[in-house]
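J.: Chain by chain, the residues run as shown.
2 protein chains.
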Amino acid sequence: MTKRVGVIGGGQLARMMIAPAVEMGVEIRVLAEQPGMSARLAESAVGDYRDLETVRAFARDVDVVTFDHEHVPQEVLRALVDEGVAVHPGPHALQFAQDKLVMRRRLAELGVPQPDWAGVASRAELQAFLDDHGGRAVVKTPRGGYDGKGVRVVADAAEADDWFAAFAGERILVEELVDFRRELAQQVARRPSGEMRPYPVVETVQKDGVCAEVFAPAPGIGERAVEVAAEIGTQIAAGLNVTGMLAVELFETADERLLVNELAMRPHNSGHWTQDGAVTSQFEQHLRAVLDLPLGSPDPRADAVCMINILGGPAGQDIDERFADAMADQPEAKVHTYGKASRPGRKVGHVNATADSIEEAAYIARAAAAFFA
Amino acid sequence: MTKRVGVIGGGQLARMMIAPAVEMGVEIRVLAEQPGMSARLAESAVGDYRDLETVRAFARDVDVVTFDHEHVPQEVLRALVDEGVAVHPGPHALQFAQDKLVMRRRLAELGVPQPDWAGVASRAELQAFLDDHGGRAVVKTPRGGYDGKGVRVVADAAEADDWFAAFAGERILVEELVDFRRELAQQVARRPSGEMRPYPVVETVQKDGVCAEVFAPAPGIGERAVEVAAEIGTQIAAGLNVTGMLAVELFETADERLLVNELAMRPHNSGHWTQDGAVTSQFEQHLRAVLDLPLGSPDPRADAVCMINILGGPAGQDIDERFADAMADQPEAKVHTYGKASRPGRKVGHVNATADSIEEAAYIARAAAAFFA
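Just so you know, the protein sequences line up as chains A and B, in that order. Start counting the first sequence at 0; every next residue gets the next number (numbering that gives the first Met the number 0). Start counting the second sequence at 0; every next residue gets the next number (numbering that gives the first Met the number 0).
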């Protein structure tokens, strides 16, 4: 029987699962928030993912439920699991991606290296953390953040007053401001039956809190760091019982330690390079993992791969119009578009390039991406 | 504006255009012969491609019409073109893929190397050709042949009597039986505006008239033969005004000449290796070409690529069930399935593998394909 995967959320991550689903012979269905979203070709239902009845009806005709995002409420997920629906990643794992304080506590239990952190409930507690950490720190809302939202660097405890008000009766997260040399990302695929496949660790470059460029494998990284990153990734995947793709964002410190920054339990922007640069793309691997099928090889297909995001420009800009110019100029570049209306700063596509050196891959990807700037 | 491509025919070639269409942001619509065919995810209409009204209605809302097969009648195609519809390849080019006698005459005009041939209208004419060519020859119906059907080796002119009857008042094609060392295939993409991109020539192995294995690039082939093959391909693409993908099946003779066997004006089984083995797959390239977008690089992504077809076995065999075993055994193999019911001898999928040597690529692909035998 053809396997059916139901994806909750109609964004570009769901869209990019369509291609490998077609090639593998997996039937993909999408519960979209609105009609005509990025994953519209596989749209089979439209509705609110916070509504149990909507999600339950969607889940009825698929073999496994998975996600384009991590925002489906715990009570909805747990109800599905209680009814015997296969949900991957499951609610227990997803709680660690949904709440950063819960995540920090669990990583501490596992002994995973991470920045100093605390859950603080008041301006005084935050000030105490600041005083202990050189007067500056990163404050994060435990829930609801993405792409730099819900994250703020503060030098004065009063700068988080609005979040203390918004999360009254709870704690917010404060973390040391890590003196990092660069940011890395480690992806791991894990099946319900336990098989794991770590991808090579990559370097990510953020601009304004949004992933801008990825270099794979991470240039100039030592063998030991590659192993440590993979160990951190597999330890978290197993320790949190993650199923599907896990992305671990890491700081590489000036003194060569790796500290966990954020987690994502789904295909991730830091893994878009795998579409053209790895034997098994993260989107194919996610489908294999959530269906509990044997995982594919995560090996790179070139010495160097570069991914560059395309962000929307001024209103009215149509990226399709610029596509032809980019194609003509860079016939080696692979441009992926998300079928989304362009808005300033919105991720609307990305470019991958493979080459013998990272300089050459970056040149090709940047030259193509420049047509969309 | 998002470009819309309409594909006539719902088979696996249409199916395999879906993945690159999604990634490029091209909207793909399929006119399928029956509901639920291989390309069902993009099915937007079901009907008879021989019926002008059906095809006209389908063509109304797309920017270009292209094909999963070459069987749409000339009168339907010409009516569309007369009404201003962009049709690629166009009817003038397609006639050479639809009628092998018309093709042989045109290639002779172009001076392209091909086997000795003749159009024969009677047993006596066929016998004369046999007498001139050592007593054996290949007889072909001018139209309606595929995968070895409509092709017959004869040693006696009486063996073609049924075809003389079926094509009464016309001629059938007879060709010399070429003493070939192996079969090759040359693909070329060509845009309406004239840009062309030849792919590296590959070796194809046929079993029972059906493509079984492809090795890319053709192992051990000399530089001069690579150039000659590309020249033959581009000469035919330009001379026949082909738009989209052209495949030229070639005989490599014992004395190292290349002779044209057959033509196909669409993505072709000999190019399935490009999905995982070339910078630009033939399916992406076909979409680019028919939309008159700049063509992508046809360069291989590995030293060696092997493609092996998966044919259906006994009724009731479900290839999805065997997929997991193949995946577990060969994590480097890329298995593509067509979502078709399995019937003995029917193409239901293929496996691609890339490696540093053709021996290694063939080992991986064969090992994975063996699970489906």
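Please note that the accuracy of each hint is not assured.
As the list makes no split between identical chains, a pair holds if one copy fits it or if it spans any two.
Cut-off 25 Å, straight-line C-alpha distance, at most; resulting in silico cross-link-like pairs (SDA-like, lysine to any residue) [what the hints assert, rightly or not]:
| id | residue 1 | residue 2 |
| --- | --- | --- |
| 1 | 339 | 40 |
| 2 | 346 | 293 |
| 3 | 346 | 260 |
| 4 | 339 | 294 |
| 5 | 148 | 180 |
| 6 | 346 | 42 |
| 7 | 148 | 330 |
| 8 | 339 | 293 |
| 9 | 148 | 177 |
| 10 | 206 | 342 |
| 11 | 339 | 291 |
| 12 | 346 | 90 |
| 13 | 346 | 3 |
| 14 | 346 | 1 |
| 15 | 148 | 205 |
| 16 | 148 | 346 |
| 17 | 148 | 234 |
| 18 | 339 | 28 |
| 19 | 339 | 62 |
| 20 | 346 | 328 |
| 21 | 206 | 80 |
| 22 | 346 | 133 |
| 23 | 339 | 1 |
| 24 | 339 | 39 |
Hints in this document: simulated from the structure, not taken from any laboratory. Since we're looking at a predicted model, the values are computed, not measured.
J.: Against each hint, give a clear statement of whether it holds in the structure.
T.: Evaluated hints:
no.: 1; hint: 339 - 40; in the structure: both (13 Å within a copy, 20 Å between copies)
no.: 2; hint: 346 - 293; in the structure: between (32 Å within a copy, 24 Å between copies)
no.: 3; hint: 346 - 260; in the structure: within (22 Å within a copy, 48 Å between copies)
no.: 4; hint: 339 - 294; in the structure: between (31 Å within a copy, 24 Å between copies)
no.: 5; hint: 148 - 180; in the structure: within (22 Å within a copy, 65 Å between copies)
no.: 6; hint: 346 - 42; in the structure: within (20 Å within a copy, 29 Å between copies)
no.: 7; hint: 148 - 330; in the structure: neither (36 Å within a copy, 38 Å between copies)
no.: 8; hint: 339 - 293; in the structure: between (33 Å within a copy, 22 Å between copies)
no.: 9; hint: 148 - 177; in the structure: within (18 Å within a copy, 69 Å between copies)
no.: 10; hint: 206 - 342; in the structure: within (17 Å within a copy, 54 Å between copies)
no.: 11; hint: 339 - 291; in the structure: between (31 Å within a copy, 23 Å between copies)
no.: 12; hint: 346 - 90; in the structure: neither (27 Å within a copy, 41 Å between copies)
no.: 13; hint: 346 - 3; in the structure: between (28 Å within a copy, 22 Å between copies)
no.: 14; hint: 346 - 1; in the structure: between (33 Å within a copy, 17 Å between copies)
no.: 15; hint: 148 - 205; in the structure: within (13 Å within a copy, 58 Å between copies)
no.: 16; hint: 148 - 346; in the structure: within (15 Å within a copy, 50 Å between copies)
no.: 17; hint: 148 - 234; in the structure: neither (27 Å within a copy, 57 Å between copies)
no.: 18; hint: 339 - 28; in the structure: both (19 Å within a copy, 19 Å between copies)
no.: 19; hint: 339 - 62; in the structure: between (29 Å within a copy, 20 Å between copies)
no.: 20; hint: 346 - 328; in the structure: within (22 Å within a copy, 38 Å between copies)
no.: 21; hint: 206 - 80; in the structure: neither (38 Å within a copy, 49 Å between copies)
no.: 22; hint: 346 - 133; in the structure: neither (35 Å within a copy, 67 Å between copies)
no.: 23; hint: 339 - 1; in the structure: between (30 Å within a copy, 10 Å between copies)
no.: 24; hint: 339 - 39; in the structure: both (11 Å within a copy, 24 Å between copies)
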